[in-house]
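Colleague: Chain residues, written in single-letter form:
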Amino acid sequence: MMKMNPLRSRRAEWLVTLPSLLWLALFFAVPSVIVLAFTFHGHTPNGGVGEWSLSTWRELVDPDYPVIVWKTIRVSLEVTVWSIVLALPCAYAIARMGRRWRSVVAGAIMLPFWTSFVVRVFAWKTMLHPDGWLQACYLAFLRLRAWAFGWLPGCGGQVDPASSTILDSEAAVVLVSVYTFLPFAIMPLYTAAEKFDFALLEAARDLGAKNFYAFRKIFIPGIRQGLISAILMVFIPAIGSYVIPQMLGGTNCVLIGNKIFMRAIQNRNIPHASALATLMAVSVLIPIACAMWWRRSQSARDRKRLDAETARLMTGGAS
Amino acid sequence: MKRSYFSLAVLGAVLAFLYVPILLVVAYGFVPNGISMSFFGADGSFLGFTGRWYAQLFAGHHAVRALLESFWLSLTIAGLATLVSCILGTTAALALHRWRDRLQAIHHALVYTPLIMPDILIGISLLMLFVACRVECGFWTILVAHVTFCVSYVTMTVLARLEDFDDRIVEAAYDLGAGPWYTFFKVELPMLLPGIVAGGLLAFTLSIDDVVITSFVNGAGTNTFPTYVSSMTKHSRNLPSVFALSTLMLLFTCVLVGVSKLVSGRRPKGVSNNTKKGK
Chain F
1 MMKMNPLRSR RAEWLVTLPS LLWLALFFAV PSVIVLAFTF HGHTPNGGVG EWSLSTWREL
61 VDPDYPVIVW KTIRVSLEVT VWSIVLALPC AYAIARMGRR WRSVVAGAIM LPFWTSFVVR
121 VFAWKTMLHP DGWLQACYLA FLRLRAWAFG WLPGCGGQVD PASSTILDSE AAVVLVSVYT
181 FLPFAIMPLY TAAEKFDFAL LEAARDLGAK NFYAFRKIFI PGIRQGLISA ILMVFIPAIG
241 SYVIPQMLGG TNCVLIGNKI FMRAIQNRNI PHASALATLM AVSVLIPIAC AMWWRRSQSA
301 RDRKRLDAET ARLMTGGAS
Chain U
1 MKRSYFSLAV LGAVLAFLYV PILLVVAYGF VPNGISMSFF GADGSFLGFT GRWYAQLFAG
61 HHAVRALLES FWLSLTIAGL ATLVSCILGT TAALALHRWR DRLQAIHHAL VYTPLIMPDI
121 LIGISLLMLF VACRVECGFW TILVAHVTFC VSYVTMTVLA RLEDFDDRIV EAAYDLGAGP
181 WYTFFKVELP MLLPGIVAGG LLAFTLSIDD VVITSFVNGA GTNTFPTYVS SMTKHSRNLP
241 SVFALSTLML LFTCVLVGVS KLVSGRRPKG VSNNTKKGK
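Line by line, the protein sequences are chains F and U. Here the numbering used here is used: position 317 in the first sequence is 317, and no number is missing along the way. Here the numbering used here is used: position 6 in the second sequence is 6, and no number is missing along the way.
Note that these hints are calculated values from the structure, not bench results. A couple of the hints might just be wrong.
Stated by the list, open to error - A short, non-exhaustive set of chain F residues, derived as facing chain U with CB atoms under 7 Å:
{"#": "1", "residue": "13"}
{"#": "2", "residue": "16"}
{"#": "3", "residue": "19"}
{"#": "4", "residue": "22"}
{"#": "5", "residue": "204"}
Where is the CB? At the ideal position from N, CA and C, for every residue including glycine.
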């Protein structure tokens, strides 16, 4: 008779599962429910949580909040676009290197993480001092940004060097956010590019495709899984960004994260903080749901294509 | 190829972009003027480097006492959070690997969701829990928060290690009469150890670097190193000391990684040499 593995029993499963399950239920699931519940309460003047009511959700229409939500999404999109644009050539270049160089450069990209994040942001803050040499670079960046994103409401317009200080501006937040999240964009793209068959690009060129055309039509679709991960890896933390706008954005770049902190810690308006947190969770979950749906539809399409191919081969083999 | 040169140029620029702030962190640790954070005097003359900030750190000067206290608090919390999250993460990974039922589906969702949520949401929801339960924020709330976000990372790292695991070894241990505890400590744990160590290192790094979650649950007066630094005013006198301390941390990590690379890189070479000799 087969010996029963004692760890396969139901009791053992509960025993092994319970520690982490309880911990995460108590400190992650329950708090999330509390946040949601607090949004359906009013707030009391002394910083407490009032009676059940819909007043918090009604107050969110306050012109202040939609502007901040839109600004957060816009800044996050900008950061994502810049990160991907910079990360794509990097991932391509690393993947085309020899094995030895590849691991060295990939390591070099992650190395900045060994310095404390806040300290790096502080180094930027010192560098971005209004008298610093970065002012010139900053103005160039500002002109490029106005050119690239001028069509988005609130991003365009003329660049005025006199009124554009580096610190305490939205551009400083975008710049340092790109700096912080860039490695997170390069890594998934590089992992995908490493598996990519570069002979396909040679083939496209042999068939007369221009370099950039081949890059766009063969390379980008070939690494799309990595591209989706890279976009999420940048967009989600950018939405939740709080330290960078707080330290470098001043009063000109207050994002949802800062507003949540202000409401929760400074004004002690717990229901408002909860409602903003709920809004943030929604704006993070939408792109994740889209990516999951896209992945599922892609795999369904691939399967269908594979079935058709198999059927063709089988009928071809039969005839 | 034209394209390749272009991408290499971008890569070079990006590496420079990533490293300039790091080099500045190291340089500012030797800055002579701690208020203007400048190496140059008012007349434009070069003032040279100073080891004053390092001396202050090593002497435990009263000016850097709060900084050093926050640093030790960070180390303590990171150490404890790593320990607890390694235990919880390992059991979680074992459960997720061994069983595939509805309970584990819920368990997996609970482990996975914190990974995709922005830190600030974990911070605010824990703060709400502590507010609802009327818990005073301080050392223990920081520790609980750190364990909560570290558990998921440890679980995922250990789980990845378990995927390459030959389950028949465990079955064999049972068939040979070993009990569940004996099997765990003598068979599973030694094989999982590299995964647990990797997960623990990740947890330690995340915990010691966290500022967002900590700043929600630290209460008044309890500062870890990152929250202390982020609460400093623009050009506080302690700024060069912060940069000096960061340089020391960077140096320590580099040495640690270099040694571990050397140790792990040497072993396969030695093994191949031995087999060659054997042949």
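Colleague: Hints first: check each against the structure and report whether it holds.
Modeller: Status of the hints after comparison with the structure:
1. 13: Where the cut-off is 7 Å and the nearest Cβ of chain U is about 5 Å from residue 13 (chain F), the hint holds.
2. 16: Since the shortest Cβ distance to chain U is 4 Å, the answer is holds.
3. 19: Where the cut-off is 7 Å and the nearest Cβ of chain U is about 5 Å from residue 19 (chain F), the hint holds.
4. 22: The hint is violated - residue 22 (chain F) has no Cβ within 7 Å of chain U, the shortest such distance being about 9 Å.
5. 204: Cβ of residue 204 (chain F) sits 12 Å from chain U, so the hint is violated.
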